[in-house]
Amino acid sequence: MSSPPIDSPLADRVIFVLATNRSGTTWLVKLLDAHPDIAGLDAESMVISGLWDFWTNYHRFDGTGISAYLAPDEFAAAARLFCDRIITSAFKRHNLSASWYVEKSPPHSHLLPLAAVTHPDAWYIEIVRDGRDVAKSISEAPFGDETLASTAQQWAKAVQDIRQESWRLDRYRTIRYEELFADPVGQMADLFEWLGLEVGDEVAKAVADFAGKEVSTYKTSTRIGPGKWRDLPPADIRDIQFAIDDVLAENGYTD
Amino acid sequence: MADDEIPRPYLDPEDVQASALAHRVLFLLATPRTGAEQILRALGCLPGVVAAPVPTHMFEYGMRRMFDKWVIGGDTNRPQGMALLASDRDWALATRLFADAPLAAAVQATDADVVVEYSASHAAASEMIAHVYPDASLLHVVADGRRVATRMSAGLADRVSAFAAAQRWCDDQRAALDCGHPALNVVRVEDIAADPKVAAAELAALLDVDPGVAIDDVTRQLEPLARVASDLPTGRAAGLVEAMGADLLDHFAYPIGERSVAAMTAAKVDVAANRGWEKTADLGRRLRFAAQTYRHHRRRLTLELAQRAEGEGLPDLTPNLPGRRAPR
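In order, the protein sequence lines correspond to chains U and S. Under the numbering used here, the first residue of the first sequence is numbered 45, with each subsequent residue one higher. Under the numbering used here, the first residue of the second sequence is numbered 790, with each subsequent residue one higher.
Chain S extracted, bound-state conformation:
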């Protein structure tokens, strides 16, 4: 079995209580430019809750390598790695207790009951989180991928290509949905924006916290999410999200409007080209050319039929066909 197919141990349920952070952690999973930071700040307003002030990045840039070194060369006759020393249970507990260290520091510094943390890389690492923090709560924050990908590929700072942005959004959502964590909750940014006050109450309930007077502060932190353009972008990044993630958009109840055949074909060609499928991309480009030539010739045919009929005093055969110009 290849190394990445060898299952890594999960934290034993009986060992959760050995952690000072047992049942006291909430991780936000979200693609960048989704609005997760705003939700993090809102949650930090709740009594007894501390929002980790900066991302730890500790799963993608830390825990992943620890998982990689669990076993190496598992398909050879001389495997190596920590799996040859420690038992599954001891290793899983050791990784949990090590991962606790930074978040426990945040809790101790503020005397909080719960810590909420967001790192943009957590969505991709959500399966690892399920291994190490089966007792934590996960909040999967989702926004319309067309908007998210367009934001990620616009602007100057931290810009990524439209394809990379669309791919990232799709990969993050799939990773979160497939992580198998028992306490995965999903919230749509659009729903929060529609009614921040209700959303604030629901977020407090998720953490089993009575917000009290803090509900106003939480609501105030969520209100900027409502100040988002209501029109959906239609550019390249949006088209790529529709081409690659139509199932995800449907899953999260984001309707896909009518798009022209040409736009959909262009998006699919874009996907093929970015994935290095040159023959497929070429086929798509030829299809687009054929579609453009078809429309051109269809228009010409319509006009010629109309002109000939008019010239010979015959009824117009084409009044309702596309390309038919209105009579002068």
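Just chain U, same shape as in the assembly:
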């Protein structure tokens, strides 16, 4: 197993939830947060995203930049220390009583080369949702001002970027939104077991209680759950299919 680049107080206890917006990431964070050992906030920290320009600075090709001063392990150590300080501050500021932290920031799906360097010991959970549902959901959100095809392509890019870089991650797992929706208690029990966390009746009950609740909605559709893309007009469905049918098929969304 990979060790963190420093002697970290959060070693082996950070979870990154990966996916694009409207894939169920907030819901999954809440379900993970149902475990007493895990804490999460309803906030996208952007902590890896904040470091990204330092990463590209480190990889300048002209011989200048911070790579002239820091060896790769020194850069990794400094970056991990920064992340630890931010998360530790969150524990203090929000009086979080757990020892694990779950984080979700959609842009992190595209920044895995850096995350793998700062957090080789972290647990990476990708939640995959039908791209057609994601496209519909993004287009209905206040920030969704693009075409359905382009929002669908956002989903496809996130999925492909994660898959492309997942080889860097020792602890990586995919969970399907539709399967989680169908059996939240069972799927979460499986996840907790993978994380090495005990699951008792209380945790199962907390998951079951939370599973049916609406989270992070912009009061768009009237119901929760998969398959809402079928309510789109046929022309819109065709647009989405043309844009991402290959990635949909790769991920088993062939209906």
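Each hint should be verified, as a subset may be incorrect.
Said to hold, decoys possible - Where chain U lies over chain S, by a calculated footprint (3+ residues, C-beta under 8 Å):
#: 1; region: 873-884
#: 2; region: 887-897
#: 3; region: 981-988
As the list claims (entries may be wrong) - Calculated from the model, a selection of chain S residues having no Cβ within reach of chain U, i.e. all distances over 12 Å:
#: 4; residue: 795
#: 5; residue: 802
#: 6; residue: 842
#: 7; residue: 852
#: 8; residue: 866
#: 9; residue: 869
#: 10; residue: 945
#: 11; residue: 1039
#: 12; residue: 1040
#: 13; residue: 1046
#: 14; residue: 1070
#: 15; residue: 1093
As the list claims (entries may be wrong) - Here are some chain U residues the structure puts well away from chain S; computed CB gaps all over 12 Å:
#: 16; residue: 94
#: 17; residue: 127
#: 18; residue: 128
#: 19; residue: 201
#: 20; residue: 217
#: 21; residue: 230
#: 22; residue: 250
What the hints contain is simulated information worked out from the structure, not anything from laboratory work. All C-beta atoms in this analysis are idealised placements derived from N, C-alpha and C, irrespective of residue type, glycine included.
Please arrange chain S on chain U, whose structure you already have, making use of the hints.
Relative to chain U, chain S alone:
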């Protein structure tokens, strides 16, 4: 409030001591082609001082994004970013300690007391430096913008347009002047060139270092700054600096000589055109045309008056008017 209007935290004064580089950093702020590299090398000759060998670029290409991700969507009902996790104080300290890493490596490698660093992008990022390094010293290195912009827009390597060069010089000076850093010092390259030895002593005093015998090495590194053409350029880049940065030239005591109305108008038209103000640029072009036509007609009038007076034996009404040719 828009994201870029939300104030970013400053490093708490009580947290400065947590940094291994507390009060041990000097950043040079200067537009490219000002001569800052020479000053950097000179400072590196002082005992106990290490000149960072290459630019880190760490503020414009590193820290700026960290600042951008402090808070996103601050004007929405679902803001995101590190501000939702960490406290202001903890975030500011974390960014400082992260930024310390490359410079601390330079200090440790040489066992120096002070590190001096120059990146061409630091001038534009001077406000960020004030947030993260309130305890550092800043040396704002200034040279006549007309010379700097002309150099930037000449040559082949890394050439930029005259407008971009002039704009860059103006933006860099304003950013440095407005950064609000408590330890901002200004030095003019022309003053260093006038007396490198005195300048060397002053630079050492800025770092509170006794130069000792190293003063000669420092002076020798500053002497090339004196080998600069004394005449000011008068080309397009220089005209643009005068048009956009006359207040800055005045602030740094660079005199602006007499320029013709036509040259000044041309520079202003240039500014308007480069900023995409087409109607204004067009007005300027018409003004230039009108000025040229005015001069032409004025010359003709002067000559005709003189010729008619001569033809009719009358006194010359126009001997001192412009355009009047001297009698043969």
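We went through each hint and held it up to the structure:
1. Residues of the region 873-884 of chain S lying with their CB closer than 8 Å to a CB of chain U number 9, which satisfies the three-residue condition for coverage.
2. With 6 residues carrying a beta carbon less than 8 Å from a beta carbon of chain U, the region 887-897 of chain S meets the three-residue requirement, and the given coverage holds.
3. Look at the region 981-988 of chain S against chain U: 0 of its residues bring a Cβ nearer than 8 Å to a Cβ of that chain, fewer than three, so the hint is violated.
4. Remark: the non-interface label on residue 795 of chain S is consistent with the geometry, its nearest Cβ contact in chain U lying 14 Å away (cut-off 12 Å).
5. Against chain U, the non-interface label of residue 802 of chain S holds: every CB pair exceeds 12 Å, the least being about 19 Å.
6. Distance check for residue 842 of chain S against chain U: the nearest CB is about 7 Å away, which does not clear 12 Å, and the non-interface claim fails.
7. The Cβ of residue 852 of chain S does not lie farther than 12 Å from every Cβ of chain U; its closest approach is about 8 Å, which violates its non-interface assignment.
8. Chain U draws residue 866 of chain S into its interface by the beta-carbon criterion, the shortest separation being 9 Å against a cut-off of 12 Å.
9. Non-interface status of residue 869 of chain S relative to chain U is broken: a Cβ of that chain comes within 12 Å, the nearest being about 4 Å off.
10. Separation of residue 945 of chain S from chain U is adequate, the least Cβ-Cβ distance of about 17 Å exceeding the 12 Å criterion.
11. At roughly 34 Å from the closest C-beta of chain U, the C-beta of residue 1039 of chain S stays outside 12 Å, upholding its exclusion from the interface.
12. Interface exclusion of residue 1040 of chain S from chain U stands, the closest Cβ pair being 31 Å apart, more than 12 Å.
13. Its beta-carbon lying about 38 Å from the closest one in chain U, residue 1046 of chain S satisfies the requirement of being farther than 12 Å from that chain.
14. Listed as outside the interface, residue 1070 of chain S is consistent with that label: its C-beta sits roughly 34 Å from the nearest C-beta of chain U, beyond the 12 Å cut-off.
15. Distance check on residue 1093 of chain S: its Cβ is at least 65 Å (rounded) from any Cβ of chain U, clearing the 12 Å threshold; non-interface status holds.
16. Interface exclusion of residue 94 of chain U from chain S breaks down, the closest Cβ pair being 4 Å apart, not more than 12 Å.
17. For residue 127 of chain U, the condition that its CB be more than 12 Å from all CB atoms of chain S is violated, with the nearest at approximately 9 Å.
18. Against chain S, the non-interface label of residue 128 of chain U is violated: not every CB pair exceeds 12 Å, the least being about 9 Å.
19. Under the 12 Å C-beta cut-off, the non-interface status given to residue 201 of chain U relative to chain S holds; the minimum distance is some 20 Å.
20. Listed as a non-interface residue, residue 217 of chain U keeps its Cβ farther than 12 Å from every Cβ of chain S; the least gap is roughly 24 Å.
21. Remark: the non-interface label on residue 230 of chain U is consistent with the geometry, its nearest Cβ contact in chain S lying 31 Å away (cut-off 12 Å).
22. The beta carbon of residue 250 of chain U is kept farther than 12 Å from every beta carbon of chain S, the shortest such distance being approximately 23 Å.
Of the numbered hints listed earlier, those contradicted by the structure are 3, 6, 7, 8, 9, 16, 17 and 18.
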